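2 protein chains.
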Amino acid sequence: MEIKEYINQNKDRFIEELFSLIRIPSISSQSEHKGDMVKCANRWKELIIASGADKCEIMPTKGNPVVYGEKFLSKDYPTVMVYGHYDVMPVDPISEWKTKPFEPIVKDDYIWARGADDDKGQSFMQAKAFEYMVKSGKLKCNVKFMLEGEEEIGSGSLYDFCKENKELLKADIILVSDTGMIAADVPSITVGLRGLGYIEVKVTATKCDLHSGIYGGSVANPINVLCQMISQLTDENNHVTVPDFYKEVIELSADERKLMAKAPFSEKAYLEETGATELHGEKGYTTIERTGIRPSLDVCGIWGGYTEEGAKTIIPATASAKISFRLVPDQDYTVIIERVSNYIKKIAPSCVKVEVKPLHGGYSYVSPLDMPAYKAAEKAFTKTYGKQPIPTREGGSIPIVAGFERILGTKSILMGFGLGSDAIHSPNENYPLQQFFNGIETVSYFYEEYAQIMKK
Amino acid sequence: MEIKEYINQNKDRFIEELFSLIRIPSISSQSEHKGDMVKCANRWKELIIASGADKCEIMPTKGNPVVYGEKFLSKDYPTVMVYGHYDVMPVDPISEWKTKPFEPIVKDDYIWARGADDDKGQSFMQAKAFEYMVKSGKLKCNVKFMLEGEEEIGSGSLYDFCKENKELLKADIILVSDTGMIAADVPSITVGLRGLGYIEVKVTATKCDLHSGIYGGSVANPINVLCQMISQLTDENNHVTVPDFYKEVIELSADERKLMAKAPFSEKAYLEETGATELHGEKGYTTIERTGIRPSLDVCGIWGGYTEEGAKTIIPATASAKISFRLVPDQDYTVIIERVSNYIKKIAPSCVKVEVKPLHGGYSYVSPLDMPAYKAAEKAFTKTYGKQPIPTREGGSIPIVAGFERILGTKSILMGFGLGSDAIHSPNENYPLQQFFNGIETVSYFYEEYAQIMKK
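Chains as they are written, first to last, in the working numbering: chain A, 2 to 457; chain B, 2 to 457.
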């Protein structure tokens, strides 16, 4: 049976199996969901076994467990290790969801739920492509599965897990579906991922909230101060002003930039997709460059003082912000976090106390176009979509992918099928069924092509 | 029986009666407490009747009801109208309270509870001074009571109530206990109150939260933009930069400033009281001037994006702030709100949409030192404290006091007994029993002195 037919005959079961994963609210950043992490890992274990693995187990880490499964066929075959994550992002603001985030439904040929794409939907395509290859007898690769539960909070425990299990995790290539394509009819393969630094800044001015009438004008206001400090992190050209922030950034040549500019980009579509009124960013760079080859700095959250209904006339004691920066090769997030932290402390006025706490970070990653896995993936996409995929650099970070290279010495191939409209990390996350099915199809071709190339 | 003895014999009852008011969580800014407002008004009615009023009633307004009571003795007597408010501030952050805000207790000779000072404690001193004057047969004034339930949210309904009840509310002076003294051993009378403007600003950049990896650097971040805008509202000298913000501010003469400088001020005590590391404010003015005769601008609250535990890598769609400004004579809050709103819209970059919503406002007030009520109050304080009170200008606003003058044509005398350490509007609000008793004593002297002066 060909893959297309296999998908067609089994699609209701595939969706129901995926839904059983989605229904478990495995939000890694919220400690109240600790139990759900284990539940979700166990459900994955059942599904990997059912898909044809020889064995699968829940392996403990310092944090959430890793689901590890494998199918060994021959030492002459190349080994592909599938990586994915079973944890998801928080769902707030919950009021903006049109459906319940953990009660998945199919509507208008889209799956609507937290994790529909990122990364339960995408990881599950991997399981089902593997299932087809096993059941059809076409599999000529050894396959390993490694699913972690901390990707959305920086994969903190997976680094040590990799260090401690180097032999177990040996592979020729790591296969990841956790990225996006340019558009539903424009296949692409992500060859660059930005790194990430994430810090929390707390400004304290007084020992308690004060009445803004009695004290207004006579003591420092931590919100005003925090705003001033944040406004000093970028200049009028949207350059980051932190000293040496760009020091290690690899500048692309004019030729490389010309090549990048060939990727299709519609300003109109981009504005529609985001709801922004205009393009915005670092002066001197295009949107594709701004998210692909340039680092950025964003405040992800800010809070302080009275934020409820009505008017409370206080000067708060403290104000806080969460600040993230996206990094490109060769920026080291530990170095950048230190530089940003030092700068923030330097620009803090003497009337306040400032604390900076690193929350997480990850290295950037680049995948060379001449490696066998890239060529296999290119052929696989071409077979499904009828056109050659475009190599792109994606703005998002999967820090552990850089970690795999550093710790295991293994490159990754990023076969992602997400679309810009999937609203991952946002309310109303969704995933088109067509991308889900195309993903299963393309990954099964990849196995065939990769085995073929590696045999030569 | 003299007043000191009367207080001593009745103090346990006084405290228990006050506690019965405090136990009702009459938070006017939170709609869930609508029922508590009515409950609190009713309890006040009972207590005013019990204190010796001829009658007392709950009078409806567009918002929370007004408690109105009166005792008429003679048309030859001057009429004093006591004004107070039975609503209180919200209690967040609740985690910082050492006791439950609506379960008042006396500990170390302080009352601890929301409303202990502002304004249940202080208004209740008025009721008990009145009670003494009635029971002792010394009262030579007609007395009216007007207690409102919206002071903490700008007295929105009381303006119309005053317009509609001008005859009922006729008085020679309005007596208010809702301000503070310099220190427990430094009596003072507030002769100036700052006005208030309060707005909410919302910045929208995109239609939904976006993944900060995929979009970071390519769309406007509303938090970054809001911070930039807020930082532009003041300059490096802490002057407000809004055009014409200071246009109508009455500059005091060098002589007047010299007089103000005579009020005792301890930098050390001020820093201890607030927990601030240094004095801070508009260049060229002292702390007393900054809070008394100069307008100020403070962000009272800010929020946007992810503010929970952990790290969520989003660019939020919106960010908001609540901004208040304290105003001095002759600043008109409606004019200033308009100027600030226009300026905020003007400095907003084209990449975001900005909405500005006025939340409330009030005029400033000045009380002349040569009016009979001031002289009576001065004598009353001197009798209780053994020293002459200092006339001060307070930073806080009681907007309705300016409203009384505009609508009823009646001046107010502000006999307040709060201390800087009372933590009004903050967690752990408290009120020293000694101030509570001294207040009752002083107000009873005021009635005697005022009747005396007005007879002449």
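I should point out that these hints are in silico values taken from the structure, not numbers from a laboratory.
Don't take every hint at face value.
It does not matter which identical chain is meant; a pair holds if it fits inside one copy or across any two.
To be verified - In silico DSS-like links for lysine-lysine, alpha-carbon gap of 30 Å or less:
| no. | residue 1 | residue 2 |
| --- | --- | --- |
| 1 | K354 | K136 |
| 2 | K284 | K167 |
| 3 | K141 | K40 |
| 4 | K412 | K354 |
| 5 | K139 | K269 |
| 6 | K380 | K99 |
| 7 | K456 | K139 |
| 8 | K284 | K380 |
| 9 | K284 | K384 |
| 10 | K346 | K284 |
| 11 | K208 | K347 |
| 12 | K63 | K5 |
| 13 | K139 | K347 |
| 14 | K99 | K164 |
| 15 | K203 | K99 |
| 16 | K284 | K347 |
| 17 | K136 | K203 |
| 18 | K203 | K56 |
| 19 | K208 | K284 |
| 20 | K269 | K136 |
| 21 | K141 | K259 |
| 22 | K5 | K347 |
| 23 | K263 | K203 |
| 24 | K358 | K99 |
| 25 | K203 | K101 |
| 26 | K99 | K284 |
| 27 | K347 | K269 |
| 28 | K358 | K203 |
Computed from a prediction, not measured in an experiment: that's the story for all the values here.
To see whether the hints hold, each was checked on the structure:
1. For the identical chains of this complex, K354 and K136 are neighbours neither inside a copy (63 Å) nor across copies (55 Å), given an alpha-carbon limit of 30 Å.
2. Taking the closest pair of Cα atoms, K284 and K167 never come within 30 Å of each other, the shortest separation being 44 Å inside a single copy and 63 Å across copies.
3. In this homomeric assembly, K141 and K40 never come within 30 Å of each other (Cα to Cα): the closest approach is 32 Å inside a single copy and 78 Å across copies.
4. Taking CA atoms no more than 30 Å apart as the test, K412 paired with K354 passes in neither setting, with 44 Å inside one copy and 44 Å between copies.
5. For a Cα distance limit of 30 Å, the shortest separation of K139 from K269 qualifies neither inside one copy, at 44 Å, nor across copies, at 81 Å.
6. When the C-alpha separation of K380 and K99 is checked against a cutoff of 30 Å, the pair qualifies neither within a copy, at 38 Å, nor between copies, at 67 Å.
7. In this assembly of identical chains, the alpha carbons of K456 and K139 lie at most 30 Å apart only when taken from the same copy (15 Å versus 111 Å across copies).
8. For the homomeric pair K284 and K380, neither the shortest alpha-carbon distance inside one copy (37 Å) nor that between copies (69 Å) is at most 30 Å.
9. Proximity of K284 to K384 under the C-alpha cut-off of 30 Å is found in neither arrangement, the shortest distances being 39 Å within a copy and 71 Å between copies.
10. When the C-alpha separation of K346 and K284 is checked against a cutoff of 30 Å, the pair qualifies both within a copy, at 27 Å, and between copies, at 24 Å.
11. For a Cα distance limit of 30 Å, the shortest separation of K208 from K347 inside one copy, 22 Å, qualifies, whereas the shortest one across copies, 35 Å, does not.
12. In this homomeric assembly, K63 and K5 never come within 30 Å of each other (Cα to Cα): the closest approach is 41 Å inside a single copy and 68 Å across copies.
13. When the C-alpha separation of K139 and K347 is checked against a cutoff of 30 Å, the pair qualifies neither within a copy, at 61 Å, nor between copies, at 65 Å.
14. In this assembly of identical chains, the alpha carbons of K99 and K164 never lie at most 30 Å apart, being 42 Å within a copy and 47 Å across copies at closest.
15. Proximity of K203 to K99 under the C-alpha cut-off of 30 Å is restricted to the inter-copy arrangement: shortest distance 23 Å between copies versus 34 Å within a copy.
16. For the identical chains of this complex, K284 and K347 are neighbours both inside a copy (26 Å) and across copies (22 Å), given an alpha-carbon limit of 30 Å.
17. Taking CA atoms no more than 30 Å apart as the test, K136 paired with K203 passes in neither setting, with 55 Å inside one copy and 56 Å between copies.
18. When the C-alpha separation of K203 and K56 is checked against a cutoff of 30 Å, the pair qualifies neither within a copy, at 47 Å, nor between copies, at 54 Å.
19. In this assembly of identical chains, K208 and K284 lie within 30 Å of each other by CA distance solely across copies; the values are 24 Å between and 41 Å within a copy.
20. Taking identical chains as interchangeable, the C-alpha atoms of K269 and K136 are never at most 30 Å apart, the minima being 45 Å within one chain and 80 Å between chains.
21. In this assembly of identical chains, the alpha carbons of K141 and K259 never lie at most 30 Å apart, being 39 Å within a copy and 93 Å across copies at closest.
22. When the C-alpha separation of K5 and K347 is checked against a cutoff of 30 Å, the pair qualifies neither within a copy, at 60 Å, nor between copies, at 57 Å.
23. Taking identical chains as interchangeable, the C-alpha atoms of K263 and K203 are never at most 30 Å apart, the minima being 43 Å within one chain and 38 Å between chains.
24. For the identical chains of this complex, K358 and K99 are inter-copy neighbours only, at 28 Å across copies versus 35 Å inside a copy, given an alpha-carbon limit of 30 Å.
25. Only between protomers do K203 and K101 lie at most 30 Å apart by alpha-carbon distance; the minimum there is 27 Å, versus 33 Å within a single protomer.
26. Taking CA atoms no more than 30 Å apart as the test, K99 paired with K284 passes in neither setting, with 37 Å inside one copy and 52 Å between copies.
27. Only between protomers do K347 and K269 lie at most 30 Å apart by alpha-carbon distance; the minimum there is 26 Å, versus 41 Å within a single protomer.
28. Both within a single protomer and between protomers do K358 and K203 lie at most 30 Å apart by alpha-carbon distance, with minima of 8 Å and 28 Å respectively.
In summary, the structure is inconsistent with hints 1, 2, 3, 4, 5, 6, 8, 9, 12, 13, 14, 17, 18, 20, 21, 22, 23 and 26 from the numbered list given earlier, while agreeing with the others.
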